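Engineer: Residue strings, one per chain:
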Amino acid sequence: MKTALAANRDFLAGLLFLAIGAGGFAVALSYPYGSVQQMGPGFFPRSLGVILAGFGVVTMIRGLRSGERVQGEWGWFPLAALSASMVAFGWLMGHVGLVPSVAVLTMTSAYAGREFRWGEALLLAVAMSLIAVAIFIWGLGLPYELFAFDFGR
Amino acid sequence: MNRRSLVAAAAAVSILAAAPFGLAQAQSGYPDKPMRLIVPFPPGGGTDILGRIVADKLTATAGWKVVVENKAGAGGTVGLDAAAKAKPDGYTLVVCQTSNMSIAPSIMSGLPYDPVKDFSPVRLITAVPLAIVVSTNSPIKSMADLVAAAKANPGKLLFASPGNATVAHLAGEYFQKVAGIKYTHVPYKGTAQALPDVISGRASFYVASIESAMGPVKSGQLRAIAVTSAKRAPQWPDVPTVAESGFAGFEAVTWFGIAVPAGTPAPIIARIDAEVAKVLDAPDVQERLNGKTDIGPAAFAALIKTDHDKWAGVVKEAGIKVN
Amino acid sequence: MDVLSNLALGFGVALTLKNLAYCFLGVFLGTLIGVLPGVGPLVTIAMLLPITFGLDPVSSLIMLAGIFYGAQYGGSTTAILVNMPGEVSSAVTAIDGYQMARQGRAGPALATAAIASFTAGIISTLLVAFFGPLVGKWALEFGAAEYFSLMLMGLVFSAVLAHGDLVKSLAMVVTGLMLGIVGTDVTSGLPRFSFGVAELLDGVGFTVVAVGLFAVSEIVLNLARSGPVEVFSKDVKDLMPTWADIKATTMPTLRGTALGSFFGALPGVTASVASFSAYMLEKKLAKDPDRFGKGAIEGVAAPEAANNAAAQTHFIPTLTLGIPATAVMALVLGALTMQGIQPGPAVMTTKPELFWGLVASMLVGNVLLLLLNLPLVGVWARLTQVPYRFLFPAILVFASVGNYSLNNSAIDVYLCAAIGVLGYVFAKLECQPAPLILGYVLGPMLEENLRRALLMSDGSFTVFVTRPISLVFLAVSAALLLAMVLPAVRRGRARATDDSEAG
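Listed in order, the protein sequences are those of chains C, H and G. Its first residue numbered 1, the first sequence is counted upward by one per residue in my numbering. Its first residue numbered 154, the second sequence is counted upward by one per residue in my numbering. Its first residue numbered 477, the third sequence is counted upward by one per residue in my numbering.
Hints are computed from structural coordinates only; laboratory data are not their basis. A few of these clues could be false.
[Unchecked claim] The following label-pair restraints were derived from C-beta to C-beta distances: (1) 828/G x 415/H: 52 to 58 Å; (2) 47/C x 485/G: 31 to 37 Å; (3) 95/C x 431/H: 55 to 61 Å; (4) 265/H x 69/C: 35 to 41 Å; (5) 447/H x 532/G: 32 to 38 Å; (6) 263/H x 485/G: 55 to 61 Å; (7) 484/G x 294/H: 39 to 45 Å; (8) 485/G x 427/H: 57 to 63 Å; (9) 826/G x 430/H: 34 to 40 Å; (10) 265/H x 828/G: 39 to 45 Å; (11) 137/C x 828/G: 51 to 57 Å; (12) 431/H x 145/C: 27 to 33 Å; (13) 484/G x 95/C: 56 to 62 Å; (14) 47/C x 532/G: 50 to 56 Å.
[Stated by the list, open to error] Covered by chain G, per the in silico footprint, the following chain C stretches (three or more residues, Cβ under 8 Å): (15) 20-34; (16) 50-59; (17) 65-75; (18) 90-100; (19) 103-114.
[As the list claims (entries may be wrong)] Which residues of chain G face chain H? A few of them, derived with a C-beta cut under 8 Å, are: (20) 518; (21) 665; (22) 677; (23) 681; (24) 744; (25) 798; (26) 883.
Bear in mind the structure is a predicted one, so any value in this text is a computation, not a measurement. Virtual Cβ for every residue (Gly too), placed ideally from N, Cα, C.
For reference, chain C alone in the conformation it holds in the complex:
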C-alpha cells in the first residue's frame, strides 16, 4: 500500500515526536548535564529528548511500512477559529472586561460550527455572558470588571 507522506498517519506522528524530542534536547543543551551520580538539571530533559526522538524514528519507520492513512479530513478551520477565539478572549479580558470578552468568545467559536446562525449565536452570547457573570462574579466573587475600557499605559 502506498500512501503519500503527508497523509501517512504514523509517519506524521513519528515526525512530531522526533521534532519535540530533538527540540527539547537542543534547548536542554544549555542546562548543566552533571553526571549519573550527580544529575544536573540537563540530565533528564536531554535523556528524554533522545528517547522521544528514538520513539519518533521507530514510529516513522512503522508508518512507512504500514501506510495507514489519517482518518477523515483535517479540521483546520474549526481548529483555527476555536484557538483564535480563546486567544482573543484572553487578550480582551485584560482590556474590556468580562461581558464583552465572553460575548466575543461565544460568537467567534459558534462561527466555527457549520450550523452557525446569527440570531441563535447572538442569543447564546447574551445568555453565556449572563451565566458567566452570575457564576464567576456574583457567585465566586472573582475580581473582574463587567465592562471596562483600558488600553492605556
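Fit chains H and G to the supplied structure of chain C, relying on the hints for placement.
Structural biologist: Here is chains H and G on its own, set in the frame of chain C:
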C-alpha cells in the same frame, strides 16, 4: 535606627507635601470605587491569608471595598510586576515580601521591575522568624551541637529547605558563612515531603517558617533548636535565637508588607498607611500576627534596602544563581 | 469497642442540626465548584475562610472537609458529560466516562461515579478512624528513594494505558514527562523550557493541559466531522446502572478504594496518581482490556473510588502528623491552628470531639453527597441532549474563564489554546492523550525524588535496593516488565511478519 521617628517624619513630610493641593481631594473623594489588593500567590497560602485578613478588615473598619486579586507565578514576581505597571492612583495595592522585594533582584537577571524605583512601600504587616528544627531523635540539641556536628563531618549534614532561593535556603547559606561550616543543601518543594524526611532523621535539619514546623514541634516529633529573629518568638519563648547561641547579629526573617506603585500621590499613601495601621492594631488581627510591628513607609523602604544588601551578599558568596 | 464509642461521640457532634447544615453547605458548594474547570476547592476554601473564623472549630472543619470531597466528586461530572475534567483527579474518569455519555449512558456513568465515590468514601473514612495514627507513622517511612521507586512502578504500569499502538503510547508518556519539566527545577533552581516567560517558571498548570488536551481537541474533532454533528447518541438508555453494571463495578470500586486510600496517606503524592493507578490496574486485570477507552464502566468506577478514597485519607498525614499533603490540606491545617488546635498524634485524645466529629461528618457527608447527586443525574444527563451547536461554545466559555481564573492571567488561556491545537493533531494521528497526562503527572515527582535520593546518599544507587519498601516496588516493576515483554516476544516470534498492532 529609630523607626518611630522616621515614621513620624515621613508622615509629616507627606502631610506637608499634600497641603498645597492634594489634601482636600484625598480626604473627600478617595476612595470612590473598589480597590484591588494584588496577592502574588495562589489562594490559600500564607501570603493570601494575610492579604485576605487585611482586605476584610479594611472593608470592615474603613468601609473601603477591597477586592483580593490572586496573581501568582514565579515566586510572586508576576504579581509584583502587574502591580508595578498598574496606574498609581491609589486603587492598586500589593502584598509584597522579602523574597520578591529584597532577594529577587539578586537572583533573577530578567526581573521585570525594580523593587525600589517601581514601588512606594506603605506598611509592614508582619515579620515572621524562621525556625531551625531537627528530629526529636537527633543528637543535635542546640546550635552549638549543629556546628560541632558539621565540623566533625564537613559536607555530610543534610540541610533541608522548602525550596531554592527561599529565605529559608538563604538563611541556611548565611549561617554556613557566619559559622564557617559546610553542609549539603537539599531543596524540597514546600513542606509536604520535607517534614517526613526531617522527622524520620533522613535529613539532618530543616529551616522553614515557624508556622510550617509548629504542628510537629508541638506534638513532639521535631525539636526546635533556634529561631532566626533578633528576639525570641512569642510563640516559643523557650527557644533561643541564633544570635543568642553565639552568633551575635544573625537575623533572617520573612516579612510581608503592603506597597503601592511608585507615583501614587503622597497623601493617598498616608491615608492607606493610616487605615492599614488601624487594621493591624485591632486585637483580633494582632492575635494572628507575630506580635506588634510599627513600620510605616520610610522605615519599610529602609528595611527593603537593608535586606537587599544583606541577601545580595549571601547570594554572591554562596554562588546561587536562578536566572 | 473503643472506636465504636468514639464514633458515637463523633456522631453526637456531627448530627447536630448546625453541623449537619454546615456539612451540607460544604458538600453542596464543593460539588458546584468542582464542576468548573480551574476553580477548585482551594479557591473556594480560601474565599470562605474568613467566614469560618467566626465558626467554632468543629463546624468550620466539617464545612471545609465537605467542600474538599464535594469538589473531588463534582469534577467528574463535566469529565463524563463533556470531556472536560473539572478537577485534577477526574482526568482519568473522562477517558471512559465520556465515551459512555456518547453512547447514551451518561446516567449510569454519573450514577456509578456517585456510588463508587460513596462506597470509597465510607470505607476509607473507617480506615482513617481505625488506623489513622498507624498509617501516619508508616507514611513517615517514605523518603525520596521510596517515592522514586513508586513512581517508576507507575511508569512501567503506564504501558497498559495504551490502546492501540504501544510505541506511540510510550512516546506520549515521554512527551508528558517533557511537558512536566517546564518550570523551575526544584533541585537546582534553574528555569527549564520557560523561554523567558515568567508565568512558565511554575510549570504548565494541570487544568491547562487537561482542558486543552481533552475538551478543546474533542470539540474540534466533532466540528470537523462531515455530516450532521451528532456527538451524543439520541437514544438515551436507562438513567440508573443495571444490575449487571453494579456487579461489574463492585470489585473495581473496592480495588480503587484500596489504592486510593494508600496513595492519599502519602504526603508526597497527588490524588491523580491514585486514579491513574486504579484505572491501570483494572485494565490489567480485565479479561477484555480492549473495552477500556471505549466506555468500560469499570474505568469510571475504579478511578472515582480511588480519588474519593484519597480525598479522605489525605486527612491522615494532616491530622496525625501535622503534615499537609496538598495545598487544600495546608489550608485545613491553617484553619485548625488559627483555632488554636495543634494537629499531631495527640489530636485524637486531646480533642476527641474534633477528630471523631470530623470522621463522623465525613460519613454523613458522603451520604449527603450521594443523596444530592443521584437525583441530579437525570438533570445532568439531559444536558447531553442540548443541541451541540449550543453546547460547544458554552464548554469553551467555561474552559476559558476557568483557565483565566487560575492566576488571573491570559497566559493560561493562550497555553490552553496551544495545547488544544497539539491535542487535536495528536488525536488525528491516533496518539492517546491519557499516557501523556500520566507522564506529565509522574515526571516531576520521578525526577525530583531520583535526584534528591542521590543527593542525600552522596551519589550511591544502593539506597534504592537497601531500603525494603523501595526494593519491593522495584521488584514489582521488574516482574511487571518481564510479564509484559515475554509474551510479546513470544508472540513476536510466532508472527514475525506483522508488527503493526501490539495490544
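Engineer: Mind listing which of the numbered hints don't hold for this structure, in increasing order?
Structural biologist: Numbers 2, 3, 4, 8, 10, 11, 23, in rising order.
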